[in-house]
Structure formats: structure tokens, C-alpha cells
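Number of protein chains: 2
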Amino acid sequence: MGLIVQKFGGTSVGSAERILNVANRVIQEKERGHDIVVVVSAMGKTTDQLVSLADEITSKPSRREMDMLLTTGEQVTIALLTMALQARGYEAVSYTGAQAGIVTESRHGNARITQINDEKISENLAEGKIVVAAGFQGMDEHGEITTLGRGGSDTTAVALAAALKADKCDIYTDVTGVYTTDPRYVKGARKLAGISYDEMLELANLGAGVLHPRAVEFAKNYHVPLEVRSSMHEERGTLIEEESTLEENLIVKGIAFEDQVTRVTVCGLPNRLQTLSTIFTTLAGKGVNVDIIIQSVTDQDHASISFSVKTADLEDTIEILEKNKSMLNFSKIESEKGLSKVSIVGSGMVSNPGVAAEMFSVLAEEGIAVKMVSTSEIKVSTVVNQEDMVRAVESLHEAFELSGRKASIS
Amino acid sequence: MGLIVQKFGGTSVGSAERILNVANRVIQEKERGHDIVVVVSAMGKTTDQLVSLADEITSKPSRREMDMLLTTGEQVTIALLTMALQARGYEAVSYTGAQAGIVTESRHGNARITQINDEKISENLAEGKIVVAAGFQGMDEHGEITTLGRGGSDTTAVALAAALKADKCDIYTDVTGVYTTDPRYVKGARKLAGISYDEMLELANLGAGVLHPRAVEFAKNYHVPLEVRSSMHEERGTLIEEESTLEENLIVKGIAFEDQVTRVTVCGLPNRLQTLSTIFTTLAGKGVNVDIIIQSVTDQDHASISFSVKTADLEDTIEILEKNKSMLNFSKIESEKGLSKVSIVGSGMVSNPGVAAEMFSVLAEEGIAVKMVSTSEIKVSTVVNQEDMVRAVESLHEAFELSGRKASIS
Numbered sequence: 020m021g022l023i024v025q026k027f028g029g030t031s032v033g034s035a036e037r038i039l040n041v042a043n044r045v046i047q048e049k050e051r052g053h054d055i056v057v058v059v060s061a062m063g064k065t066t067d068q069l070v071s072l073a074d075e076i077t078s079k080p081s082r083r084e085m086d087m088l089l090t091t092g093e094q095v096t097i098a099l100l101t102m103a104l105q106a107r108g109y110e111a112v113s114y115t116g117a118q119a120g121i122v123t124e125s126r127h128g129n130a131r132i133t134q135i136n137d138e139k140i141s142e143n144l145a146e147g148k149i150v151v152a153a154g155f156q157g158m159d160e161h162g163e164i165t166t167l168g169r170g171g172s173d174t175t176a177v178a179l180a181a182a183l184k185a186d187k188c189d190i191y192t193d194v195t196g197v198y199t200t201d202p203r204y205v206k207g208a209r210k211l212a213g214i215s216y217d218e219m220l221e222l223a224n225l226g227a228g229v230l231h232p233r234a235v236e237f238a239k240n241y242h243v244p245l246e247v248r249s250s251m252h253e254e255r256g257t258l259i260e261e262e263s264t265l266e267e268n269l270i271v272k273g274i275a276f277e278d279q280v281t282r283v284t285v286c287g288l289p290n291r292l293q294t295l296s297t298i299f300t301t302l303a304g305k306g307v308n309v310d311i312i313i314q315s316v317t318d319q320d321h322a323s324i325s326f327s328v329k330t331a332d333l334e335d336t337i338e339i340l341e342k343n344k345s346m347l348n349f350s351k352i353e354s355e356k357g358l359s360k361v362s363i364v365g366s367g368m369v370s371n372p373g374v375a376a377e378m379f380s381v382l383a384e385e386g387i388a389v390k391m392v393s394t395s396e397i398k399v400s401t402v403v404n405q406e407d408m409v410r411a412v413e414s415l416h417e418a419f420e421l422s423g424r425k426a427s428i429s
Numbered sequence: 020m021g022l023i024v025q026k027f028g029g030t031s032v033g034s035a036e037r038i039l040n041v042a043n044r045v046i047q048e049k050e051r052g053h054d055i056v057v058v059v060s061a062m063g064k065t066t067d068q069l070v071s072l073a074d075e076i077t078s079k080p081s082r083r084e085m086d087m088l089l090t091t092g093e094q095v096t097i098a099l100l101t102m103a104l105q106a107r108g109y110e111a112v113s114y115t116g117a118q119a120g121i122v123t124e125s126r127h128g129n130a131r132i133t134q135i136n137d138e139k140i141s142e143n144l145a146e147g148k149i150v151v152a153a154g155f156q157g158m159d160e161h162g163e164i165t166t167l168g169r170g171g172s173d174t175t176a177v178a179l180a181a182a183l184k185a186d187k188c189d190i191y192t193d194v195t196g197v198y199t200t201d202p203r204y205v206k207g208a209r210k211l212a213g214i215s216y217d218e219m220l221e222l223a224n225l226g227a228g229v230l231h232p233r234a235v236e237f238a239k240n241y242h243v244p245l246e247v248r249s250s251m252h253e254e255r256g257t258l259i260e261e262e263s264t265l266e267e268n269l270i271v272k273g274i275a276f277e278d279q280v281t282r283v284t285v286c287g288l289p290n291r292l293q294t295l296s297t298i299f300t301t302l303a304g305k306g307v308n309v310d311i312i313i314q315s316v317t318d319q320d321h322a323s324i325s326f327s328v329k330t331a332d333l334e335d336t337i338e339i340l341e342k343n344k345s346m347l348n349f350s351k352i353e354s355e356k357g358l359s360k361v362s363i364v365g366s367g368m369v370s371n372p373g374v375a376a377e378m379f380s381v382l383a384e385e386g387i388a389v390k391m392v393s394t395s396e397i398k399v400s401t402v403v404n405q406e407d408m409v410r411a412v413e414s415l416h417e418a419f420e421l422s423g424r425k426a427s428i429s
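Line order of the protein sequences matches chains A and B. One rule links them: number in this note's numbering = place in the first sequence (from 1) + 19. One rule links them: number in this note's numbering = place in the second sequence (from 1) + 19.
Keep in mind that a hint or two might mislead.
As the list claims (entries may be wrong) - Reference listing, derived: stretches of chain A covered by chain B, where coverage requires no fewer than 3 residues with Cβ under 8 Å from a Cβ of chain B:
(1) 74 to 85
(2) 96 to 110
(3) 194 to 208
Simulated from the structure, these hints should not be mistaken for lab results. Idealized CB from N, CA, C, for every residue including glycine.
Next up, chain A with everything else stripped away, as it sits in the complex (with noise of 0.2 Å):
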């Protein structure tokens, strides 16, 4: 008996069909005794039929106006959910983000929550009903309806969970777990019973995709404990805890990847104190989104920078340092796309040095290339050949033990 957050993704919403399983869910947690705060997305596609909706009148809404059409979204999921449960026989009641509480900054559509006023929720759960809270959206102190950004609707549910006390935060998603590398491309990927919140934000980070880093950062902070875990199956996902104590001997927990990875170097700029600063600046005001960063220095008055960026950003960035070529001062931009960055993940690196050393030797022998390399207390990333990216993860995923030879715990 405690309580529990549940929070169901848009797909988990995306027909009434699939909010009736939804109710089915939440009740069963229920009829375990729980108090049950149930936090939803939007159904669905309903968000882009907003956003195509809003770009038949304006190719560039403004953000308030944008966040007072796309609450709707969740507002309407709240609703068709209140019902399923009421139609069952249980008390449940919904709440836009304004009315569950949800205090934000002033700052539209990417806004972070400054307090929750859990009043109203805490007397609904005390008389023994359900609450049904809209995910992403909130209200700021003047009263304006706010987004919260990408992964809004785990942050909400994590929020809550933090603001209630609540004894656990339960993220319904479309697959059953964190897994130690992404199962479709990997055949012997296993789920993973458990796995610390710095390990999880680090795979959040590389692009496991399962859940928000937002929200995982938030729950670190406040020690909520979080399970990954499908809304269409009954079988235990992930736990997500501050020290996960299942598994502890693996060295690494997971491996993630991602493709469509450039590597840009800019060639022959001074070396000075503030060339990197200046690079950086100029690219992030630019909105450039810049990974792993590697500098070397030719000579004395010479240094060259090389960094990653999605190949997607690779235009936008060598207009934006062209642009800024007699400020910046270098002498040409070398470009080459068709990369990849696979990363191990794992809070036993700290404590086993030489995880990085097995790693290159384990891409030497297959004859993998690394390109670029980066290291954080409990990961280490190489950049390599896009061509590579599969094997390179196979052989490491192999290496480090994380194939199926253990069974999963659930």
C-alpha cells in the first residue's frame, strides 16, 4: 500500500480503445491498495494535427498561442480517462496542469516547474479517489498557460511523484524496459532489471530514447524511483534507483548509439585563451547543437578544433563559422559526415580503470576505426564509420558480458 505515480505516453492514449486499456492499468494498481495519480500525454497523432492546424494559419506562431492550442491535447486524453475509470465504477477525477498545481516559469514552450501546490490532489487521494493530471503543460505565476518542452509529460509525472511523496513513478511506455542496447539492431540485447539514475541519464543522453533526461535529472534530485515498463504487457521493466543493487557486477550497463554523426574540423585558428570559448559561443547562440569536442595543437601560434554535430546541423553550421571567419580566424573548415557514435555506459567504470583501454582494443580487432573519443566517469564514447556502428556495438555488447548468456531478473 503506498502511493504510485503512472504515467502513459501518447501511444499508450492513442485511441479510446487503447485509454480503456489504460483504465484497465490504473485499476489494477489500484485494487492493490495503492492511491493511484495517473499522469497522461496527448492522444496520439493529436499534436501534429495541432501543429498542422496552426501552420495552415502561420508559419510562425507565436509560442504562447502554440501552448494554448497544444494543451488541449492532453486536456481532452484527461477527460476520455476520467470517464473509462467513472464507467468502471471508480472515483476519478482530472486536472489540466494549471488546476493539478503545476507552477512554471513564465518561459513558453520549453518552461520548467518552480512548485506544485499539491493541495487538491493530496484531499482527492485521501477520499479515495483517482487523479487523472495532464501531462506537459502547466500555469505560471501570472496565470499563463505553459509547456514544458520535449519529455514534459515524464517530467510532470516525476514532478508529482516528488511533490506527493509518492513511492514510486511508473513510466508505461511502448517498450518493456531499459535494455542494455537497442534490441532491433542487436539480437542478444536483454532487458535490464536495474540500473542507477546517473547510468540511465548518460543512456537518456546517448539517445536510448525511452525516457526524457529532464525527468530522470529530477528524479536523481529527489530520490523518486522510477520503473520503465510497457503499457501493453505484465511483466516487470526497468528500476531506475539511485544505486541499483540487481546486477552490480556488470562493469557496463548499456551500450547506446546513434548514426547521422559529422565530424567538422576548423583548421589553422590562433592559439589563444579564448578561441574555444569564441567558437562555441558563436555556435551555440546559433542554436548548434555540439557533442563530443576534441582540440590539438599544431604549433605554437596554430590550433585546430574538432567537434561533432548532427549531420542535419553540418549547413547551418559551417554558414554560421563562415560568416564568422574574420573573427574567428582560421584558415579553412574540414568536413566529413558518414559517422557514427556508439557509447558504453556504466557506473563500474570509476572503479575498474581500463574499461576505456578494452574498449579500443575490442574495435581494433574487428578492425573498427575510432575517430573521436570522449570520456565522462561512467561512459566513454568513440566516434567511428556509420558502416561500422552495428558491429562495433555487437562485438562490445559481447565483450562486456550484457548478452542474453545471464537471464533477465523479470
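Given chain A's structure and the hints, the job is docking chain B onto it.
Just chain B now, with coordinates in the frame of chain A:
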């Protein structure tokens, strides 16, 4: 220069293209130097779509959750219209009912407005902004989202006009104004330049359909001048005011009519004081709307009561009466389908005796039998056979000099 509240219904905002057209109408008035508040309904078929979604979930959705669901409709429209105005370079801001300060009773599905907190809108108007508010919706004192029921958007517009002391409330619709009678049936039907609140109220109640009676009543109570006009054409519409100064020589202003009327007669009732109230309380309790009522005493102990209902309600009516036969103590029920109601309306009747008599003469000359009669100070209603309806309207329209011989002022 003044403040105008403009209201556009669901058909007028039925697509992105139409919303852009509405933006033009708004800008036109703004450019004349007026401050503008726009009230809009949900786009065309949105409400129907939402209702059928709810229907897929449950056949008996709670009123609270229906309000939660349906209010998203207007919220989409306010966002899109505001984007359209902004795209044209005008400062504009959208508000949900709650944000616009529309406070209502705590009755979901059919709440009345109890208060309007207009500080925010007044501030925005002072800053030169166009305010776009969601019709049909409000919030009760507990922060619950409510809806105003049928004709809700008209009521929102009039209520805002009253609170803001607007100079005028323009109701844009798909007809060009209020007509002497329905132009689809009577060729000579002619748009009225002006009409009084009371006359409009009788016409609205009699099914003229352009404007909800509740909104007219509100306008009358708060002395808000209304204009019913077309969202597609430029021409002036019909002005509705306390005492219409236009066309005041007309005794009859308009002729309303509706078909699908049935007369029900309950025979052999005990001639007691409570009989009337018992019958109609029983019917009202079951949601049957009774229109004209006629009581006749057959002998000292017995009375019969005739009343008219919509033909669609006939089955329910008979079922309810039969169920309560022992309590009501009647001998039998008779009913006559295939009837219509034809009414003449005009505040000039009060000071002109004999208008009813003239009506009956006209009908008699046409050989039309009058089955029931009901009168008020500014209205005479008759029930006639359905096949006589259009001929009755045409002959009355001619007899009371409503036909187009006198040109409309617009």
C-alpha cells in the same frame, strides 16, 4: 471610437481559411479605431467529434468530464485566431473562459455566469491589444471548468460586453440579420433594421434560431446593444435595443413558426386545484418541454387539459402520463400529430387592441383552422395543421405589411 465585442460562431470559424477571414473582420473594426474583444466558439464539427470520442468510452460520461473535454474546442479556436491576428501584425492575446475571468455557478454542463473579473482584459485593451476569449466556458469558485450550455458563446459575448460596458456586441452568424420571417419559406421576408429585446426574445424563443434567448435576456438586463450580422457579407445587420426607434410604425415585427408540433389532451381529470401543477411538474421532472397549455372545465367535477409538445417528445409524454395514471386520475389521453405553431410578434400590439382578432380573421379568410391559441403582451401564437403552416405565415406576412414593399434600411 469605442469598445466592440464581436462573437463568431462555429460555422464562421469552421476551418483555417475561415479563421483567417474572421481575422480580417476583426482587423477591419480595429482599424476603425475601436477596442475589440472577440468571442469564438469551437470550430465547426469539433464538438461533435469530441462527443463521439466520449461515446466510444462510455454512454454515460459525467458532466464534469464532458466540460473538461468540450472546452478544448474553443481553446483551439482562440489560439488559432490569435495567431492569425499576430501574423497580420496586430497585438493580440487569447484567454480561456477561466483566464477571461468568467466565473460561473458550480453546475457542470449548464452553468450560469455569476461574475466577470475583467481586470486582465481591461488592461490588455488599454495596451491596445485585441483580446480573443473562449465562448461557452467559465470556471466556478473552486477552480472547476464549467460550460454554459446551449447558446453559451452568445451569452459569453453579451456578458463580457456588459461587464466591460462595451458600446456594442456584434453577433456574427451565417445569416445577415433578423428577418420578418424565415426567408427560406416566405419570398417577401425582409431583414429588419431594428427590433426590441422583448420582440427578439419572443422570436428567439419561437425558434427563429439566430440568437439564443438567454443571451438576449442578458443583453436586455444589462442594456447591451446587439447587432446580428453576417460573417461573410459587409452589409449592416439587425440592431437589437431597448426600444427600437426604427420602423416603429410596424405593429407586428416578425412571424415565427415551427412544425413537428403535437397536441395532447388529457381527458376526465378531477377538477381540483392541484391537477394542473401535478401534471406539468411530473412532465417537467422527466425533461418534457410543454409549450401552449389550455385548460377547460367539462362539468363541475371534471376538467380536460390540452397542451402542445414537440412531436419527438410525444411517446415519452404518453408513457410518463400512463405511468402516473393512478396518481393523476384521468380517464384517457388523446393526441393529434401533424401540427405547426405560427406566431406573430411585435411590441406594438400592447397599444393596438384587435391584433389577435385580425390574425384570426386572416387565417379564417384563408380557411385555416386554429387548433390552439396562446397570447402574451407582444405575441399571439396559434396552432394550425402542418400543411397550412406556410400559407398561414405568407398571408399574415402580407396582412401585417411586413413584405418587402418597404425597403430595408441597410
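To see whether the hints hold, each was checked on the structure:
Given as covered by chain B, the region 74 to 85 of chain A passes the check, having 9 residues with a CB less than 8 Å from a CB of that chain where 3 are the minimum. Under a criterion of three residues with beta carbons nearer than 8 Å to beta carbons of chain B, the stated coverage of the region 96 to 110 of chain A is upheld, 8 such residues being counted. Coverage of a stretch by a chain is defined here by at least three residues with a beta carbon nearer than 8 Å to that chain's beta carbons; for the region 194 to 208 of chain A and chain B the count is 0, and the condition is violated.
The structure fails hint 3 only (numbered hints given earlier).
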